[in-house]
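Protein chains in written order, with the numbering used here: chain A, 1 to 381; chain B, 382 to 444.
Errors might be hidden in some of the hints.
Where chain B lies over chain A, by a calculated footprint (3+ residues, C-beta under 8 Å) [to be verified]:
#1 28 to 39
#2 92 to 104
#3 135 to 147
#4 293 to 303
Read the hints as simulated data drawn from the structure, not as lab findings. The structure displayed is predicted, hence computed values, not measured ones. Built from N, CA and C at the ideal position, the CB exists for glycine as well.
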Amino acid sequence: MGQPLDIFAAASAEGAWTVSEVTKRAKHVIEAGLPPLWVRGEIANFRPWRTGHWYFSLRDKTAQIDCVMFAKENFRLTQPIEGMQVFVFARASMYEAKGGFQLIVTELLSTDQGGLWKLAFEKAKAALTKDGLLDPARKRRLPAFPSRIAVVTSPDGAVLRDIQAVVGRRWPVAELIVVPAQVQGAKAEASVCSALNRIRRLPVDVLVVARGGGSVEDLWAFNSERVARAVAAMPMPVISAIGHETDVTLCDLVADVRAPTPSAAAEAATPDRAEVLQQCGALGQRLARALRIASRHVVERLDRTGDRLARSMEHRLEKSHALLTAHSARLDALSPLRVLSRGYSVARDASGRVLKQVAQLPSGKEFRLRVTDGEVNGRVQ
Amino acid sequence: MAEFSKQLERLEAIVRKLESEDLDLDEALKLFEEGIERLRVAREQLQQAELKVKKVLEIESPS
């Protein structure tokens with residue numbers, strides 16, 4: 001101890017490490033010694049950066065570690081709040097520029113209320129509710145006989161096959177317009193929105209938005225507020241079938257009809273052709289029966305009218321007949337024949353002119369004399 | 382096909398009118414003929430045997 005410490009001997013230019021060497025070595029040691037691991041702690045000093053990266057600390061009662069979660073890992077999450085208890089999956093490393101020990105976080109789960117997914121879901125749901133987009137009164141009725149059915153789903157999946165099979169079986173009369181979209185991954189939100197946007201301008205009667213089952217993360221795009229708002233703004237009724245029956249996404253809540261599976265969505269979108277044909281048959285029968293009944297009415301009315309016509313004719317004939325009898329009695333009274341029957345006669349010349357005066361009857365004039373029962377010829381002497 | 386609903390609606394209206402109203406024969410016959418024609422067209426529309434599938438590529442969309 002008495003000997004002066006020759007600090008320079010141990011710190012010769014050759015023997016000393018540079019800062020970079022130390023950090024590099026430390027980084028290597030840390031990364032090799034600590035495999036990726038789950039860490040539990042409380043969020044502190046949360047700082048989201050403009051680049052999308054999150055910086056924060058994880059701490060417990062006695063210690064604290066700096067953490068970073070890069071944008072490519074956190075883009076689907078809502079930001080955690082200060083003091084929140086979380087689990088992170090991370091690998092330990094060294095941030096060489098600062099010589100800092102840190103955790104590079106690839107997953108972050110909240111222990112509160114089912115985690116950040118739940119948090120994000122509730123937050124977006126609250127925003128949609130506030131704008132009235134979840135109001136049951138907004139739900140539109142589906143068209144009875146759609147001629148154009150649009151489908152937004154992944155282009156090459158079982159989902160599209162199922163939908164196509166059901167529509168083809170029940171209502172092949174329609175046209176199916178498939179607008180493929182990425183339904184999972186970082187680009188899903190934008191891709192689904194763009195597909196919806198494309199359909200908005202097409203003459204489509206009903207839209208099916210469908211996706212098969214998957215993890216909460218896989219279904220993420222359909223829990224995005226942006227997608228939910230785009231669905232709500234569609235001009236035609238929307239049927240949503242996202243994930244399994246137990247997964248209720250915001251897209252499901254906003255849609256006019258929620259179907260438990262893509263096949264069920266296709267069924268909801270279509271009538272059954274066989275039933276519609278039956279319906280047509282029944283209408284045809286009713287039409288024929290209605291005509292029969294209508295024509296029977298007409299015939300009956302015609303009969304009634306004929307009867308009335310006959311009755312009225314009869315009546316008029318009777319009246320005419322009575323009138324005729326009266327007139328003929330009067331005529332009879334006035335008839336010259338009656339006068340003749342009393343012993344009078346009437347003389348007429350060859351042209352039928354009645355000879356009433358002596359001057360009309362010169363000597364030798366021939367005339368005809370009408371008596372009550374006939375005529376005789378005569379000549380004046 | 383877009384007119385299928387209208388076709389069926391009109392057909393139902395015709396049947397109802399024929400069933401409920403006292404029409405003269407001429408009018409009844411006219412309605413019946415129209416009904417039969419609409420029924421024929423509706424049935425024809427239902428005969429399309431195969432589903433038409435059209436894919437609209439997302440990239441065509443200027444978004």
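Exercise. Starting from the hint list further up, note which numbers the structure goes against and sort them upward.
Key: 1 and 2
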